[in-house]
Amino acid sequence: MMSVLEDIKNSIVTYKPAKTSEFCQQALDEGIDPKLILSEGLIAGMTVIGEKFKLNKIYVPEVLIAAKCTHAGLHILKPILAAAKAVAIGKIVLGTVKDDLHDIGKNLVAMMLEGAGFEVINLGVNVDPEKFIEAIKEYKPEIIAISSLITSTLPNVESTIQAIIDSGLRDQVKIMVGGAPVTEEWVLQIGGDGFGKDATAAVDAAKKLIGVA
Amino acid sequence: MQKNKIIACEVFKEELLKGLEISLETCIFLPQELHRTPDLLKVELQKQIDLLDQQGDLDCIYLGYGLCGNGVVGLKSSQSKIIIPKSEDCISVLLGLRHASKCHVNRTTSYFLSAGWIAYGSDGWKEYQRCLELFDHETAYWCIKEMIKYYETFILINNGMASYLNDQVYVQKMSKFFGLNYEEVEGSLDWLASMFKDVNSDTKILVEPGISIQSNMFTCGD
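Here the protein sequences line up with chains A and B, keeping their order.
Taking the working numbering, the leading residue of the first sequence gets 49, the next gets one more, and so forth.
Taking the working numbering, the leading residue of the second sequence gets 512, the next gets one more, and so forth.
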């Protein structure tokens with residue numbers, strides 16, 4: 049791998065946002081394809097972070113700073129990527145389920161999805177079923193992604209899916225669910241289509257759902 | 512005489528040992544931080560159950576857990592029955608049965624602490640201290656504020672444990688440092704105690720040997 053891409057990845061793993069920004073600019077100056085900088089530098093770094101988090105080797109603060117690094121890098125890359133008029137591979141509306149205010153994991157997934165080429169509409173936290181339904185009507189996404197981090201809000205995921213069914217819009221979207229207490233078996237049982245155990249797996253699942261995996 | 516063992520999260524340690532006067536030899540306590548990784552919690556719990564099964568002479572294994580992010584789903588004992596509180600998590604159990612059917616505290620915007628959480632768990636202040644070893648004050652403070660940005664109140668659950676006065680000072684200090692409200696709520700040991708009473712009740716789940724715990728056995732939400 050080109051060393052500057054390795055530098056970008058390492059700056060994320062060692063939590064140095066200013067360095068991430070600097071190395072992304074350097075990579076662009078060296079003429080490296082911004083899509084490659086994104087995938088082999090930024091996303092590669094966040095994948096390492098995601099793995100460490102899953103194994104409980106690091107905790108939320110480290111993930112937050114790593115995400116800050118990635119945002120800093122994206123800030124440099126985005127104008128270039130936008131100028132290249134890259135067409136989004138799909139559109140996803142995501143949000144944290146009603147009564148749940150946890151958004152760090154959900155935002156991480158949003159960032160990874162954007163990095164993978166999705167257009168992401170982030171509805172935030174404590175999202176009512178009605179708001180998901182309005183978003184399906186307004187944005188016409190291929191996928192709705194629902195996050196729940198605490199056991200007590202899991203039933204609200206189920207009621208959100210039911211509300212989408214009741215609204216007659218279920219056939220228009222695929223539904224993904226994620227969060228620490230969520231399992232694939234449960235997602236399928238409550239009528240969802242996809243699941244990702246972590247941010248990287250969520251991107252894979254989303255690609256699979258729209259047939260670009 | 513019945514032979515029983517308790518496998519519990521250390522968040523309940525004070526309540527079980529001091530509050531309910533259960534002997535330490537009867538209990539196996541597991542690290543509180545396992546709640547962060549339900550998959551690892553499940554592996555560790557099953558390992559402990561299997562070890563007890565190998566002894567082969569227990570009537571009942573009590574689990575001092577709730578559904579805990581589905582971390583108890585799939586657990587089973589081949590030899591003993593399992594009894595576990597019918598609760599989504601430890602906070603409900605610590606608050607007691609008064610809050611069981613309808614929680615009288617806003618759970619969405621409240622950051623709960625208890626004697627066990629303070630003694631064995633992580634919290635905003637401890638995380639801040641840990642972060643200071645990695646980052647400067649500004650970054651460390653930002654991280655914790657980001658983690659708790661949607662919470663409005665630190666709530667100390669008072670179950671009359673010996674550490675209460677120290678816990679009060681600790682949580683008040685933390686509330687001030689991070690700019691959140693401070694409140695206390697009277698908890699109860701009744702839910703925890705009901706697990707050991709020899710009567711059927713809706714506050715606990717009894718699983719026969721060979722049967723695994725399922726998520727639909729629990730009552731979730733208010």
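Since the hints were made in silico from the structure, they are not lab data.
Model, not experiment: these values are computed from the prediction.
Ideal placement from N, C-alpha and C gives every residue a C-beta, glycine not left out.
Heads up, some of the hints might be wrong.
Quick look at which bits of chain A chain B covers, simulated, 3 or more residues with Cβ under 8 Å [said to hold, decoys possible]: (1) 109-121; (2) 181-191; (3) 194-200.
In the DSS-like style, the derived pairs of lysine-lysine whose C-alpha atoms are separated by at most 27 Å in a straight line are [said to hold, decoys possible]: (4) A:Lys102 to B:Lys587; (5) B:Lys660 to B:Lys687; (6) A:Lys100 to B:Lys553; (7) B:Lys660 to A:Lys179; (8) B:Lys687 to A:Lys245; (9) A:Lys116 to B:Lys660; (10) B:Lys587 to A:Lys255; (11) B:Lys514 to A:Lys100; (12) B:Lys715 to A:Lys105; (13) A:Lys105 to B:Lys558; (14) A:Lys102 to B:Lys687; (15) B:Lys553 to A:Lys245; (16) B:Lys656 to A:Lys64; (17) A:Lys139 to A:Lys83; (18) B:Lys656 to A:Lys116.
- prompt: Regarding the pair Lys587 of chain B and Lys255 of chain A, is the alpha-carbon distance no greater than 27 Å?
  reply: violated (36 Å)
* Asked: For the segment 109-121 of chain A, does the count of residues with a C-beta closer than 8 Å to a C-beta of chain B reach 3?
  -> holds (count 4)
Hint check: Lys715 of chain B vs Lys105 of chain A, CA-CA at most 27 Å. Holds or violated?
violated (34 Å)
**Message:** Count the residues of the segment 181-191 of chain A whose Cβ falls closer than 8 Å to any Cβ of chain B, and tell me whether that reaches three.
**Reply:** violated (count 0)
Against the 27 Å threshold, does the CA-CA distance of Lys553 of chain B and Lys245 of chain A hold or violate the hint?
holds (15 Å)
So if I understand the rule, the pair passes when the alpha-carbon distance is 27 Å or less; does Lys105 of chain A with Lys558 of chain B pass? holds (21 Å)
Is Lys514 of chain B within 27 Å of Lys100 of chain A, Cα to Cα?
With a Cα-Cα distance of about 41 Å, the restraint between Lys514 of chain B and Lys100 of chain A is violated, given a limit of 27 Å.
Are the Cα positions of Lys102 of chain A and Lys587 of chain B separated by 27 Å at most?
Distance of about 25 Å is within 27 Å: holds.
Restraint status (C-alpha distance of Lys139 of chain A to Lys83 of chain A at most 27 Å): holds (18 Å)
Discussion item. Hint check: Lys656 of chain B vs Lys116 of chain A, CA-CA at most 27 Å. Holds or violated?
Written reply: Holds, because 15 Å separates the two Cα atoms, which is no more than 27 Å.
Are the Cα positions of Lys100 of chain A and Lys553 of chain B separated by 27 Å at most? holds (19 Å)
Proximity test - 8 Å, beta-carbon atoms, the segment 194-200 of chain A to chain B, at least three hits: With 3 residues closer than 8 Å to chain B, the segment 194-200 of chain A meets the three-residue bar; holds.
Violated hints, listed in ascending order, are 2, 8, 10, 11, 12 and 14; each of the other numbered hints is respected by the structure.
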